[in-house]
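S.K.: Residue numbers (my numbering), protein chains in the order written: chain A, 1 to 151; chain B, 152 to 531; chain C, 532 to 863; chain D, 864 to 1517.
I should point out that these hints are in silico values taken from the structure, not numbers from a laboratory. Please note that a few of the clues may not be correct.
Claimed, not checked - Residues of chain B clear of chain D, computed beta-carbon distances all greater than 12 Å:
| hint | residue |
| --- | --- |
| 1 | 348 |
| 2 | 381 |
| 3 | 517 |
What the hints assert, rightly or not - Computed list of lysine to aspartate or glutamate pairs in DMTMM-like fashion (alpha-carbon distance at most 20 Å, straight line):
| hint | chain 1 | residue 1 | chain 2 | residue 2 |
| --- | --- | --- | --- | --- |
| 4 | D | 1472 | C | 755 |
| 5 | C | 853 | D | 1517 |
| 6 | D | 1094 | D | 1185 |
| 7 | A | 31 | D | 970 |
| 8 | C | 822 | A | 72 |
| 9 | A | 31 | D | 971 |
| 10 | B | 382 | B | 347 |
| 11 | C | 744 | D | 1517 |
| 12 | C | 740 | D | 1511 |
| 13 | C | 744 | D | 1469 |
| 14 | D | 972 | A | 6 |
| 15 | A | 136 | D | 1511 |
| 16 | A | 31 | D | 884 |
| 17 | C | 738 | D | 1124 |
Being a predicted model, the structure only gives us computed values, none of them experimental. Virtual Cβ for every residue (Gly too), placed ideally from N, Cα, C.
Now for the letters of each chain:
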Amino acid sequence: MSNAFEPRIVVLCCNWCTYAGADLAGTSRMKYAPNVRLVRVMCSGRIDPAFVLRAFQDGADGVLIAGCHPGDCHYINGNLKTMRRYPALETMVQQFGIEPHRLRLEWISAAEGDRFVEVVNEMTEQVRALGPLAWKQRSAVADLSGSPHAG
Amino acid sequence: MSHYATPMMEVPDMIVESGGRTLDLCFQCGTCSGTCPWNLVRDFRVRDILTRAQLGLEGYEGEDLWMCATCNACVDRCPQGVEIVDLVRTIRMLIAETGAAPKTLRAVLGSVQSNGNPWSGDRNARMAWVKDQPVRTFDGTHEYAYFTCCTQAYDPRNAKVVRAAVRVLDAGGVSYGFVGGSEACCGDAVRKTGAETNFQNLAAHNVGLLNGLGVKHLLVPSPHCLNTFRKEYPELGGKWQVTHVVELLADLVMSGRLALKNAVPLKTIYHDPCYLGRNNGIYDAPRDVLRAVPGLELMEFGHTREEAVCCGGGGGRLWMETPVEERFAVLKLREAQARGADAVVTACPYCISMFEDAKTALGLDQLQVLDVVEVVAAAL
Amino acid sequence: MGEEKKKLQLALYWAASCGGCDVAVLDVNEKILDIAAAADIRLWPIAMDYKYKDIEKWADGEIDVCLFNGAVRNSEQLHLARLLRQKSKVMVAFGACAAFGGIPGLANLHSRKTIFEAVYGYTASTVNPEGTTPQPTLKVPEGEVHLPDFFDDVYALHQVVPVEYFVPGCPPTPDTIMTAVNAIVTGNLPPVGSTIASNKSVCDDCKRKKSDKPKVEAFHRPQEIRIDPEICLLEQGLTCMGSATRGGCGALCPSVNMPCRGCYGPMPNSLDVGADALAAMTSIVDAGDEKTAREKAGALHDPLGTFYRFTLPVSMLRRAPKPVQGGGPPTL
Amino acid sequence: MEPRIGVFVCHCGTNIAGVVDVNRVVEAAARWPDVVHAVEYKFMCSDPGQGLVKDAIVKHDLSRVVVAACSPRMHEPTFRKACAMAGLNPYLFEMANIREHCSWVHEDKEAATLKAIDIVRAAVAKARLLEPLQTRFVPVTQKVLVVGGGVAGIQAALDIANAGTKVVMVERAQSIGGHMAQLDKTFPTLDCSACILTPKMVQVAQHPNIELMTYSEVESVDGFVGNFTVKIRRKARYVDEAVCTACGVCIEKCPKKVPSEFDEGMMPRKAIYRSFPQAVPGRPVIDKESCTYFKNGKCKICEIFCEPKAIRWDDQDQVVEEKVGAILVATGMGLIDPHGLSQWGYGRYPNVLTGLEFERLNNATGPTGGRIVLKDGSTPKSVAILHCIGSRDRNHKEYCSRVCCMYALKFAHLIKEKTHATVYNFYIDMRCFGKGYEEFYNRLLHEGVKFVRGKAAFVTDQAANDDEKGKLVVSAESTTLGEVLRVPVDMVILASAVAPQKDAEAVARQFGMGLSPDGFFMEKHPKLEPFSTATDGVFLAGACQSPKDIPDTVAHGAAAASTALSLISRGTVEVESATAEVLTDFCSGCKVCQDVCPYGAISFHEDTKLAEVNASVCKGCGTCVATCPSGAIVGRHFNDRQILAQIDAAFLWE
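Here chain A stands alone, though its shape is the one from the complex:
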């Protein structure tokens, strides 16, 4: 593989809609950028904002939160909580100095394999254009814990 920058995008998604939508993209043999890794939770309501922060901390260049369309939640309205959390999370993440396109919220139903493909491809290109986030390098803090007393 070449050394060109390949974005690493973590997708935090629900089991019933978006994960199934990604399954449908698979069974329909659609093709999309191989830059995403899905982490499945049962409901997008389970997506703790800490998961997003952790992904960035780990080195993700982008994070996609995805769940059922409002009104279609398998758990009645778990996704509404995600919807409510997102605006402040978006602001906070940007306050940390992370560019807007790196975090995204999308509603993708089990029937929208094509939408999943579209979002993944689009986000991959947007993040590619932004370049690496490189959190670990750019936020590296010198480890000063070494002490004569330590151990």
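Got chain A; can you put chains B, C and D on it based on the hints?
M.R.: Chains B, C and D in isolation, oriented as in the chain A frame:
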């Protein structure tokens, strides 16, 4: 010699690679052929071309390829979303590269290359239609830049339309100026005949010119200019707002800024230009304008609006020979006459030319061919 | 047991702090006498003169307990932290700054360069036409003079030296202090690494009334509304950090109509205090569609500053990224 | 004790191995900490594949199992069962999806292999932290709700009821019967539709195990598999069912006429009406919207003539509650709105009909008593039947409606039989796939029906020559001939597309189902579970899932019934084990969780000041877990540590 046909896959591959991506979607239901107006006058099956092209069988590149008037009726109805007109254009382009374009077209393309217009008109005489009428040249402060269609600039019949347009726009207090003679053909018909390089040259010239003049909003008299400026120029750097004269007229008339006081006691029948109607969805604006003309009666053809039959002048057909009995314009004038119309009204320079020719061929002296703009000018 | 029990050897030190923690120690009032009776106070810069040399002379482990307040953000503070660690049996991160980085920790959104640019450059009260900034070393006719080196990052104490106990608070309340002191004096100490405070949140001590299904209609800042003294502050739309903050303070701020600002730090089982607070506060915003959610939850002012007011250096992301410039380790 | 993880990588034939280098995945997995066993196999879901897992659990003392294969939505239950059989708690199993999410969506083999390794690594990271969970069961309510009284619902209801299980059938029209009741004959056997359907309708009404609620609609659905609570709105009928004798005098006397839905608006019905003469139940209802009395307070003629005094003007809608163990959705299909079909002349020319309009025209109970006539009453001499109108058409519905070819043949036969008219079929492809269908097509060829292979482009009344004058002209290319035809006819029948019911989206939402891209209800698996949905305990029957003809609809209804019955007779149902749990040490009773729980499963204890999760109500969505500001709720099987481990392992970050 056997009669078996052997598929040659280089052909479809080449078409697809050259932009005809929907070629393989055709499942040969025949809706296109069944729709095509050519079958009113002679046998022409576009499906045949597509099927042959899909399989790389001889015949896709035959003379029939140049029949298509790009009226888009088949594309609208195709259940498979095959971009038939685009495919025809792509195949023409591939054939034209081999120098096999019809002779008459070659002359037209030569003129476009040397004169910037298809009418063999002198490049410097583009504003000759003005005669002694005072007109304004676009200076960057005007809201609209009026882009004169080549056919209006060089064809004496259509020049009357643009002179009428000046009177109407002035009466409506419109802030506009003419681009002024240095423009080149918009290139729509040129592109539809497959002369892609020619088109690109024209477009580059126009984009440079209009952007240089600071044009924001183009006013165009031809649906062909409208279509190509709206849909094809943006990706070539021409990102202007584009309005057809008839849209602006409807706006002026409906808002009361243009008063139509004189009665025009004509029984008119309106012909939908394909590039105004089917391609851009403008059906009501011309009708609204005509209905606002005092004393005027508006009639409809049997097939109208989305289903209107083409005049036969698009896709380069304007410059190709068609026997009188095979001209759609002839059919349409006969229908207009049968319905008792005094005038066929339309909103496209090509339609005007095609109808005037048909009128002469049929000797229908009492039937008038008019542009909406001319009707409005008469009503001022 | 005729021999008098050896008095507790106590050191108190301040690093990047406002002095409030030291004042808080005095704030235990008459109990300070109990402390004095039980302990020899060997070091307390706010009250007593001292020299580095004096400390260096102590034997390793000579000090029983060092209460270290303030964050570590320059080389002098780091030096003293290491030195006192060496001399002390028990190191206590005292107060929010030592425990979590505290308010100075918000400097992690910037770097030394940008901080100097502001402080010695463009703040309203700065007059510095020569653009002088502090330099660690300066040659003068008399020789070289040194200033502590200012770091790019603010550290909590345990991020630079091992720490046995944490006493949170800005400052720790007298009760918290006495709990800690008593534990030390009696030797009745919790497991190493413990925080001397509650395992429950501030809500546990808060007397305000909560609905069964709390809702936030809109977010406000305290000065914008007339605060009902009875009802849960979060339900009134104030960004009260109580539910995401370790208790032990007795819910002092909420009891006087001020939303909790989180100075006792994250809950023991927390992943990230900002995530905790954000999820809780916005999940209950009364919004059923995206537009309303954006209007209401999006109106939460300065989420980062609100949620990490005292804890940015110990949070998951810890700081804002620095511009990419050739990489390499950050300047200290 | 360190976990002992076994990793099993599936080839899925070439589905995975054709793109992903499975050996490299195995090699990588073998190097990870705690992985003590890593192998690949052709088909992991096969018996020998499952055997590999079972044997390895015993032989290698595995405490965790990771299978890298297809979607967990497909085979997680399979492998959980295999683990359990080998004595491993099924929740110590984790699945890595390297097919749907990897080999099927990528072409670059290197990138796909690296991605597969990442996916498996993340699964292993999670597996390492998995904890055993107790499987829990609750009893199943011994009753089934059937929504929709068309032939699918009727078949299903009878099958279930005959097996001894109670059924509640809800139908929103006045009568059951559905579209099949509108038909005259059925293809290819030409059975009389009413003759075969009405006995079944009567059986439904009389069955001791079936409670029939017509003129009723499901209002809300709560609960979960085995334990649904359904609210049903029984619309006011204004006719006392207990008193009415269904004599029909009221209908006869009612002066108010409105277009009949059952007759596709081709003939009127009264304001007090039954859908059709053989309606079940036979007792009429008053349509409040059209009734003169309800409009202006005058009339009451029905009441005057009603001998048993069954009219009740003060009747009110009632909402009844039913508890059921399973729900069978059989809400059927609709038809495409014909007004978008103007190029084929619908709405413009009176003698252009949709298929269902022709059904009514041809039906003995229809507007003409079954005479096939033009609008002017004369008999057509020629008829064109246009196939694929709105079907197989990206401008309308992309799918094949599946029934049109055959009913077009049936129409052709009936027209020939009744009128001796010339009949033309304009088609793209003849799709005669069922039993006896091709034979029927052949029979029609014998009968002299004309077939033109070419889709009708348009229908016009603009005559091009004298033969066309006064006729409808169909323009189409005969693609076999290479000739564009203009065929003048008297009548045009559009085989217009079958479509989802107009309210399919709302209904899907109500029952927690999804919609397929075509707008029909989405089945759990297109091949293996076409009658189940993503919501356990909710089943699909008939054309609500996709267009179907009668034999397929009946078969689908019976299959759905047997699946529902197997749930009912199992008696108990496994409920979510991966529920939420409050850590009392950290809970301060802030009550935020109570607000966010979609099921009201969390309660606050005044005495302890703690939140508590009711595990039998909790569905394990985890919303409270993410919301709890105190880190005091754990989501089993998806806990923070497990998810963070997955995120940490999602890429090789360095």
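S.K.: Each hint: holds or not?
M.R.: Evaluated hints:
| no. | hint | in the structure |
| --- | --- | --- |
| 1 | 348 | 33 Å, holds |
| 2 | 381 | 22 Å, holds |
| 3 | 517 | 24 Å, holds |
| 4 | 1472/D to 755/C | 31 Å, violated |
| 5 | 853/C to 1517/D | 19 Å, holds |
| 6 | 1094/D to 1185/D | 6 Å, holds |
| 7 | 31/A to 970/D | 8 Å, holds |
| 8 | 822/C to 72/A | 17 Å, holds |
| 9 | 31/A to 971/D | 10 Å, holds |
| 10 | 382/B to 347/B | 16 Å, holds |
| 11 | 744/C to 1517/D | 45 Å, violated |
| 12 | 740/C to 1511/D | 40 Å, violated |
| 13 | 744/C to 1469/D | 14 Å, holds |
| 14 | 972/D to 6/A | 16 Å, holds |
| 15 | 136/A to 1511/D | 13 Å, holds |
| 16 | 31/A to 884/D | 18 Å, holds |
| 17 | 738/C to 1124/D | 63 Å, violated |
In this structure, the hints that do not hold are numbers 4, 11, 12, 17, in rising order.
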